[in-house]
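Next come the chains, spelled out residue by residue.
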Amino acid sequence: MNGSPLARIGSGWLLVLPFLALVVALFLGPIVDILRLSVTDPEPGLGNYAALMTSDSLARILWTTLRVCAITTLFSVAFGYSIAYAMVHGVRRDRNWMLSLVLVSFWISVLVRTFSWLMLLGRKGLVNEALAGIGIISQPIEFMRNELGVLIGMVHYMIPYAVLPLLASMQTIDTRLVSASRSLGATGSQTFWRVYLPLTRPGLVAASLLVFILSLGFYVTPAILGGGKVLMVAEYISVQILVTLRWGTAAMLAALMLFGVLGLLFVMSRFMKLSTIFGGARA
Amino acid sequence: MSDGAASGGLELKALTKRFGSFTAADNVNLDIQRGEFLTLLGPSGSGKTTLLMMIAGFLDITGGDILLDGSSIAAVPPERRNFGMVFQGYALFPHMSVHQNIAYPLDVRRRPKAEIERRVGEMLDLVQLQEFAHRLPRQLSGGQQQRVALARALCFAPPVLLLDEPLGALDKKLRIEVQAQLKDIHQRVGTTFVYVTHDQEEALSMSDRIVIMQNGRIEQIGTPQELYQRPRTAFAAGFLGKSNFLTANGALHALRPEKIDIAPRGKGKGANRLAGTVRNATYFGSFLKYDVSVVGMDTIEVDVDAWRAGEPIAVGTEVDLSWPDGAAVRLEDN
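Chains as they are written, first to last, in our numbering: chain A, 331 to 613; chain B, 165 to 498.
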């Protein structure tokens, strides 16, 4: 024992200490505070959580949130799958511009993208005006201020998040397996359903989890495209904090989402290694 | 079990494949007999894999035709050619058990359950993997995976089995063992085997006929004995086995190292004789390899049976090299 490894560990900790302090002070601290708030405001006890069982409006909001997130996940992953597939198996020259298109929409602010949909799909938006102009419709179609609008906006926003893990997963597939399947007499669709799709399962799970979890916290898109008619948890929390000042309820819902996501990850980890889902070492 | 023998004669007619300006297969004509074990042998880039991939249907042909039992299959997609194929690295489906892998070709053909069970059982017997039926491929050794790939490719009784360097990933000892198994299985199923390798020992030990390829062309076709004893070109002589090259009577000749006798100066007895000096002697267990320098020529390699030869000849000894008439094979100019 010459003490130098210990010294090295010590100096290593010293280096991360500022960041550790930041994380504890600015991240873990507030989370604990919110958890505390959810059982102390307005009065100590589990009253806020008990409201989940009794309040119809809370139940409705949670149901809307889960439904919108599930549908968003389904469509984003389905579209993302075909985009990733085209990128991996299309012409190499096309791959780069496809990736740049995906990344460009990835980088554009959610606010900009949401307002763009407003311009396109509003009552006097481009789509309705065009359809009315060529006489297909007499009344504008209600794309906005309803769940359809929220779904269009959210799916559009989430597709890049679905594409990237699927892309990573598809790139690891040994193309000889596809050749092998064909040489053994399988048609293209048999090969896809029985060999290709099962092999991209880690990517599918990763993409679904990512999209679903991110969707749960969506605020801007439902607020703008839903026009106040599609109330999801994030927007409801903000109303509780800023308008009705029921911080206990808001904290309870935040805690519920936090544990919901952690629970989801835990359940998934029982089926597969999370490191393989998120692109770490393969099992 | 010999259900593959009813058909399986392949004919390649002026088969050509070009990638841009590069010609990977150049006007290849080849008759593959029904039930034959034919090996395509050549260095990498010789076109042997290109040829196999065209037979399998994974590569479009640029020119020529491929006939199966007399009718063209050039336009038939790979999944309808009904050829079994064993890939380099085996390409077993990692998410399926051994049983599911072997049943796959029958499953996708929607055969009745009972037939699938019976056939998979037969295949597991054939490759002796009965007790591994429910393992996943990654739980098997390389040799076992290779046998699963073979069983899967033979399960639907294809008329032709294509094998793309199937032993490449195995260690040397196992490779020799598997060579014997492959040859045995070939005899039992009677299917036409088309085997691609760059390993001359594999080619010699298993094939009915060997096709030596170079630069997209067939260099020479023949039985292992014919090719070894009577190579036609310097490439064939050098690629299959080892050869010394001598110029005599204005033509290049190939002379196998084991056909040369070596004796101390003045004691050589063969019809043809060269004087040289031993530069190096290497012991390989079964044989002794001498490198002998001869004035005005390349170093000549001589292999002698180590046990019969007794004491090795010391480095620096002046020796006579001799060989009987007919041992040196006259080669064609390239």
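Don't read these hints as lab results, they were simulated from the structure.
Predicted model only: the values in this text are computed from it and were never measured.
A hint or two may mislead.
Derived Cβ-Cβ restraints for the label pairs, each shown as a range [to be verified]:
(1) Thr180(B) with Phe522(A): 54 to 62 Å
(2) Trp393(A) with Ala333(B): 38 to 46 Å
(3) Gly307(B) with Trp393(A): 50 to 58 Å
In silico contact screen, one side only, chain A against chain B (beta carbon under 8 Å); selected entries [what the hints assert, rightly or not]:
(4) Met500
(5) Ala516
(6) Glu565
Some residues of chain B that are not near chain A, with every Cβ distance over 12 Å (derived) [unchecked claim]:
(7) Pro242
(8) Glu243
(9) Leu256
(10) Lys277
By construction, the Cβ of each residue, glycine as well, lies at the ideal position given by its N, Cα and C atoms.
Against the structure, the hints:
1. Remark: the range hint 54 to 62 Å for Thr180(B) to Phe522(A) is contradicted by a beta-carbon distance near 32 Å.
2. The hinted window of 38 to 46 Å between Trp393(A) and Ala333(B) is violated, with their beta carbons roughly 54 Å apart.
3. Evaluation of the 50 to 58 Å hint for Gly307(B) and Trp393(A) yields a pass: the beta carbon distance comes to about 57 Å.
4. For the restraint placing Met500(A) at the interface with chain B, the shortest Cβ-Cβ distance is roughly 15 Å, beyond the 8 Å limit, so the hint is violated.
5. A cut of 8 Å between beta carbons decides the hint on Ala516(A): the least distance to chain B is about 4 Å, and the hint holds.
6. The interface hint given for Glu565(A) is violated, since its Cβ lies 42 Å from the closest Cβ of chain B, which is over the 8 Å cut-off.
7. Here Pro242(B) does not stay apart from chain A, with its beta-carbon only about 5 Å from theirs, under the 12 Å limit.
8. Interface exclusion of Glu243(B) from chain A breaks down, the closest Cβ pair being 5 Å apart, not more than 12 Å.
9. Leu256(B), annotated as away from the interface, has a beta carbon of chain A within 12 Å; the closest lies near 8 Å.
10. Look at Lys277(B): its CB is around 17 Å from the nearest CB on chain A, clear of 12 Å, so calling it non-interface holds up.
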